[in-house]
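Engineer: Below are the chains, spelled out letter by letter.
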Amino acid sequence: MAAVRTSSEVAFNRIAIAAVLIATLIFLAPIYWIASTAFKPKELAVSVPPTVLFEPEVTPFVRLFTKRVQMQKPVDPQVYDAAPWWEKRIYDGGERVLKVGKDVQLSQYPDRFMNSLIVAVISTVLAVGMGTFTAYGFSRFKIAGEADLLFFILSTRMLPPVVVAIPMFLMYRVVGLNDSHIGLIILYVAFNLSFSVWLMKGFMDEIPKEYEEAALVDGYTRMQAFFKIVLPEAATGIAATAVFCFITAWNEYAFALIMTNRRAQTAPPFIPSQIGSGLPDWTTIAAGTFLFLLPVAIFTFLLRNHLLRGVTFGAIRK
Amino acid sequence: MTQIELRGIEKFFGAVQVIHNLNLAIADNEFIVLLGQSGCGKTTTLRAVAGLETIDQGDILIDGKPVQHLKAADRDIAMVFQSFSLYPHMTVFENVAFPLRAMRMSSGEVDKSVREVARVLRITDLLDKRPSALSGGDMQRVAIGRALVRRPKAMLMDEPIGALDAKLREEMRAEIKRLHVKQGSTTIYVTHDQIEAMSLADRIVIMHEGFIQQVGTPDDVYSHPANLFVAQFVGSPVMNIAEASVADQAGAASVTVGDAPAGFEFPRQLLSRLNGHAANGGLTLGIRPEGVLVRHDAAAGYMPVEASIIEPLGSFDIVDLRVGSTMLRARTKAGYVSGPGEKVHVRIDPEQAHFFDTASGKSLGVRL
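Here the protein sequences come in this chain order: A and B. Sequential numbering from 88 applies to the first sequence in my numbering. Sequential numbering from 236 applies to the second sequence in my numbering.
The hints are simulated quantities; they were obtained by calculation from the structure and are not laboratory data. Note that this is a predicted model, so its numbers are computed, not measured. A virtual CB, placed ideally from N, CA and C, is assigned to each residue, including glycine. Any given hint could turn out to be false.
[Said to hold, decoys possible] If the Cβ cut is set under 7 Å, some of the chain B residues that face chain A in the computed set are:
| hint | residue |
| --- | --- |
| 1 | Ala285 |
| 2 | Ser320 |
| 3 | His324 |
| 4 | Phe328 |
| 5 | Phe333 |
| 6 | Gly371 |
| 7 | Gly372 |
[As the list claims (entries may be wrong)] Think about it this way: if two alpha-carbon atoms lie no more than 20 Å apart in a straight line, the pair counts; the simulated SDA-like pairs of lysine to any residue are:
| hint | chain 1 | residue 1 | chain 2 | residue 2 |
| --- | --- | --- | --- | --- |
| 8 | B | Lys306 | A | Phe148 |
| 9 | B | Lys306 | B | Thr237 |
| 10 | A | Lys296 | B | Thr237 |
| 11 | A | Lys229 | B | Val253 |
| 12 | B | Lys306 | A | Gly224 |
| 13 | B | Lys578 | B | Asn510 |
| 14 | B | Lys306 | A | Arg309 |
| 15 | A | Lys129 | A | Phe148 |
| 16 | B | Lys306 | A | Phe313 |
Let's have the full structure, built from the sequences with the hints guiding it.
Structural biologist: What follows is the structure, given as structure tokens:
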């Protein structure tokens, strides 16, 4: 039986859709701004009013990945003609690419980006892995002081992390963990672990105990039952937890700024440091930011089905 | 093949004792039903046999060997859960094959065994489906298939059809019976449904608050309930229970129910059989509704009473009869008593009467 919708319901529906559209546009605007700036010619990046239609170019990305210096005098036409297309774009801007012999010198961006990947991926795997095991333990076994322990784990989130930045920095310097991948990984695992334990505990509680018991009776050990039955069942929860942990580690700025400066520096503190003195080159910074957005976007996109089920999990079960 | 013996099992949950000195010997191929209300310890007993629950005292022997210290995986026992517990991320085939994979069987053999079991259970065309695509009855079949596939020493079933609707439950009951007759394996089956227990069991074990109340064939527990609990738990509609007194009246025994003005006539031998219990009170009469005989016109031995509530159940009616301040429920032909308030005549069939000691609840073992 189809219910007849009144005109006021239809009107409300339209208003709701319009509101959602507007909200979406507001949220997407900065992303559009960054993405479009990354492909703009330098002079259009700061034009007022902003240019919406322009011929996109990849020069900002070339600048992003190369080491360059300002040229004192115009480039020799012969050299210019012999240069590949991307090098010409640099000459066009009055700069030249630094080289050692024939080899182009890369900027620090790829290294910083790689640092971000290493730290975020490893810390996510560790936090989610440890969180999953811990949550399973809390969910399935009788543990003395379970509620207190869980509260203790949660309490690590009750303080803004930056409050402990200075003591952490001093400790890290003493034990030699500052400006190291391991140091950042330990830090991010510590941030994410409480979150991971609590989120995974919710998912574990939702998985009926009978599944493992059936596996135990079917001839498997508890470990085998965990890997063959519990883990596949928890995949949704693991995916959701991993996305959140990855985003936290990937975006973390304050500690990365304090704890690292060269070897292990991640992209978030690096990108703004490129604003430099003089006239900032917004297009290159936008290009760096744009590339920095991609891993999270791709990761979230790949896991979107799990994520959707993950965040609504347990909401409609009896 | 497989005998299971439970010796002096005790189990505590914290300070609460849930199983008290439980002793039970189960013969090879026997279908044993543990029957009782929720919380009576029947499921805990089953899980203890499976190895999912530890016991605090006693021995569990399978084929004479104590297994209470063995892990569930090493007991070679299969279990069917009320929730079926089919692994949602695996197909039906993989579900059934799962126990075989634990045995590291070759894939050819796995395939053969799974298809064999699927044929017996008529689930061959479901093998590629996911559990979520199955009906309740089919899930049940798959769960049984998973239990049967590796030919375990014994089958344990924890209310396997409790989650199904009434019609399907009846169908599956028949199917489980068919399978047991065909496959023949030692089976322990837990249920709170006495009809299920009666129809499936070789022997029924009735449990209450962690104690075994009676062990016997369905006929045994129905005809010779050991105590008031069993008498009221087994049989539907429920047995009438009433305080009674017995007197010697004109060469016959007269059994008075509660404060009724007159007694029902019983054979004289009842007096000697009751052996003193008649006089000093503390006697409880138990009579199933089919033992309460009702007729319209007066006859010798029948007492005039008034009908109170009538429950029509299709093939028969249950009529509440007011005998003094006691209600006796009688089973009559459908529509035999037309309505509340109707005057009818009632008698108790002495052959169907049970007598219990009121204080202990124990049966006096007197049947006429």
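Engineer: Could you run down the list of hints and mark each one as holding or not?
Structural biologist: How the hints compare with the structure:
1. For the restraint placing Ala285/B at the interface with chain A, the shortest Cβ-Cβ distance is roughly 6 Å, inside the 7 Å limit, so the hint holds.
2. Among the interface hints, the one on Ser320/B holds; its C-beta lies about 4 Å from the nearest C-beta in chain A, closer than the 7 Å criterion.
3. The restraint placing His324/B at the interface with chain A holds, with a minimum CB-CB distance near 4 Å, inside the 7 Å limit.
4. Below 7 Å, beta-carbon pairs count as interface contacts, and Phe328/B has none with chain A, the closest being about 15 Å; its hint is therefore violated.
5. A cut of 7 Å between beta carbons decides the hint on Phe333/B: the least distance to chain A is about 6 Å, and the hint holds.
6. Evaluation of the Gly371/B hint against chain A yields a violated restraint, the C-beta minimum of about 15 Å exceeding 7 Å.
7. Of the supplied interface hints, the one on Gly372/B is violated, with its beta-carbon coming no nearer than about 19 Å to a beta-carbon of chain A, more than 7 Å.
8. For the proposed pair Lys306/B and Phe148/A, the alpha carbon gap of about 61 Å is over 20 Å, so the pair is violated.
9. For the hint linking Lys306/B to Thr237/B, the alpha-carbon distance of about 18 Å falls within 20 Å, and the restraint holds.
10. The straight-line distance between the Cα atoms of Lys296/A and Thr237/B is roughly 28 Å, outside the 20 Å bound, and the hint therefore fails.
11. Note on Lys229/A and Val253/B: the hinted pairing holds, with a Cα-Cα distance of about 18 Å set against a maximum of 20 Å.
12. At roughly 19 Å between alpha-carbon atoms, Lys306/B and Gly224/A fall within 20 Å of each other, so this suggested pair holds.
13. The suggested pairing of Lys578/B with Asn510/B is violated, with an alpha-carbon distance near 36 Å, which exceeds 20 Å.
14. Taking the CA atoms of Lys306/B and Arg309/A, the gap is near 10 Å; set against the 20 Å cutoff, the hint holds.
15. The straight-line distance between the Cα atoms of Lys129/A and Phe148/A is roughly 12 Å, inside the 20 Å bound, and the hint therefore holds.
16. About 16 Å separates the Cα atoms of Lys306/B and Phe313/A, which keeps this hinted pair within 20 Å; it holds.
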